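A.B. asks: This is what each chain is made of:
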Amino acid sequence: GENVGLHLPTLSVQEGDNSIINCAYSNSASDYFIWYKQESGKGPQFIIDIRSNMDKRQGQRVTVLLNKTVKHLSLQIAATQPGDSAVYFCAERPGGGGNKLTFGTGTQLKVEL
Amino acid sequence: ETGVTQTPRHLVMGMTNKKSLKCEQHLGHNAMYWYKQSAKKPLELMFVYNFKEQTENNSVPSRFSPECPNSSHLFLHLHTLQPEDSALYLCASSQDLAGAYEQYFGPGTRLTVT
Numbered sequence: 001g002e003n004v005g006l007h008l009p010t011l012s013v014q015e016g017d018n019s020i021i022n023c024a025y026s027n028s029a030s031d032y033f034i035w036y037k038q039e040s041g042k043g044p045q046f047i048i049d050i051r052s053n054m055d056k057r058q059g060q061r062v063t064v065l066l067n068k069t070v071k072h073l074s075l076q077i078a079a080t081q082p083g084d085s086a087v088y089f090c091a092e093r094p095g096g097g098g099n100k101l102t103f104g105t106g107t108q109l110k111v112e113l
Numbered sequence: 001e002t003g004v005t006q007t008p009r010h011l012v013m014g015m016t017n018k019k020s021l022k023c024e025q026h027l028g029h030n031a032m033y034w035y036k037q038s039a040k041k042p043l044e045l046m047f048v049y050n051f052k053e054q055t056e057n058n059s060v061p062s063r064f065s066p067e068c069p070n071s072s073h074l075f076l077h078l079h080t081l082q083p084e085d086s087a088l089y090l091c092a093s094s095q096d097l098a099g100a101y102e103q104y105f106g107p108g109t110r111l112t113v114t
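Chains as they are written, first to last, in the working numbering: chain P, 1 to 113; chain D, 1 to 114.
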């Protein structure tokens with residue numbers, strides 16, 4: 001399953017399928033990006049990050065892709081599991097010093113059995 | 001567990017009450033943050049501290065008063081709040097502000113103002 005922008009807040013996928021969550025960021029000078037996962041009743045949990053000098057970074061079952069030309073970030077989750085159900089949101093660091101992050105509104109991922 | 005703890009986890013207070021939220025990080029970090037998370041809105045940065053010094057106040061009303069006695073502890077003192085202040089208040093920490101580092105979040109305090 002794939003969402004096509006921040007205007008679709010919910011993404012439903014079947015267990016075992018791959019998920020793609022998209023994020024359009026606003027600042028072309030942003031140099032660092034993070035994906036967070038937030039489960040109900042918990043704080044955001046770091047998933048993976050990527051710096052602007054990279055296009056792709058892989059973790060365990062997750063891949064982040066960065067397209068600076070169109071200011072687009074995506075999170076791919078392979079073989080989605082019920083435990084992946086959560087809200088996912090991206091964050092960007094505008095650059096120029098400091099560690100201030102700007103966060104997106106998030107996408108609710110629902111994994112159907 | 002992220003190494004960042006927050007107490008209390010839930011708080012209900014009247015508009016005339018005074019209460020405090022506490023955050024503690026066990027990661028050896030030097031920067032700490034307070035965020036407000038309201039339903040269907042992005043995380044809103046409130047305050048940033050680096051090496052105990054406040055570096056950012058994101059136009060937060062004075063009824064919210066932060067305190068950072070050392071790099072491991074951060075407080076948010078609350079007084080005469082409004083119902084619209086009801087939200088999840090999240091604390092986070094990072095290595096410092098000199099580079100780009102991930103921020104580690106606590107579980108949050110769910111605040112309800114009646």
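Hints listed in this document are in silico derivations from the structure and should not be mistaken for laboratory results. Incorrect hints may appear among the rest.
Below, simulated DSS-like cross-link-like pairs (lysine-lysine); rule was C-alpha separation at most 25 Å, straight line [what the hints assert, rightly or not]:
1. P:K100 / P:K110
2. D:K41 / P:K71
3. D:K18 / P:K100
4. P:K110 / P:K42
5. P:K110 / D:K19
Calculated from the model, a selection of chain P residues having no Cβ within reach of chain D, i.e. all distances over 12 Å [unchecked claim]:
6. E15
7. Q58
8. Q76
9. G95
Note that the coordinates shown come from a computational prediction; the quantities given were computed from them, not determined experimentally. We put the beta carbon where it would ideally sit given N, CA and C, even for glycine.
A.B. asks: Against this structure, judge whether each hint is valid.
C.D. replies: We went through each hint and held it up to the structure:
no.	hint	verdict
1	P:K100 / P:K110	violated, 30 Å
2	D:K41 / P:K71	holds, 21 Å
3	D:K18 / P:K100	violated, 29 Å
4	P:K110 / P:K42	holds, 17 Å
5	P:K110 / D:K19	violated, 36 Å
6	E15	holds, 26 Å
7	Q58	holds, 17 Å
8	Q76	holds, 19 Å
9	G95	violated, 8 Å
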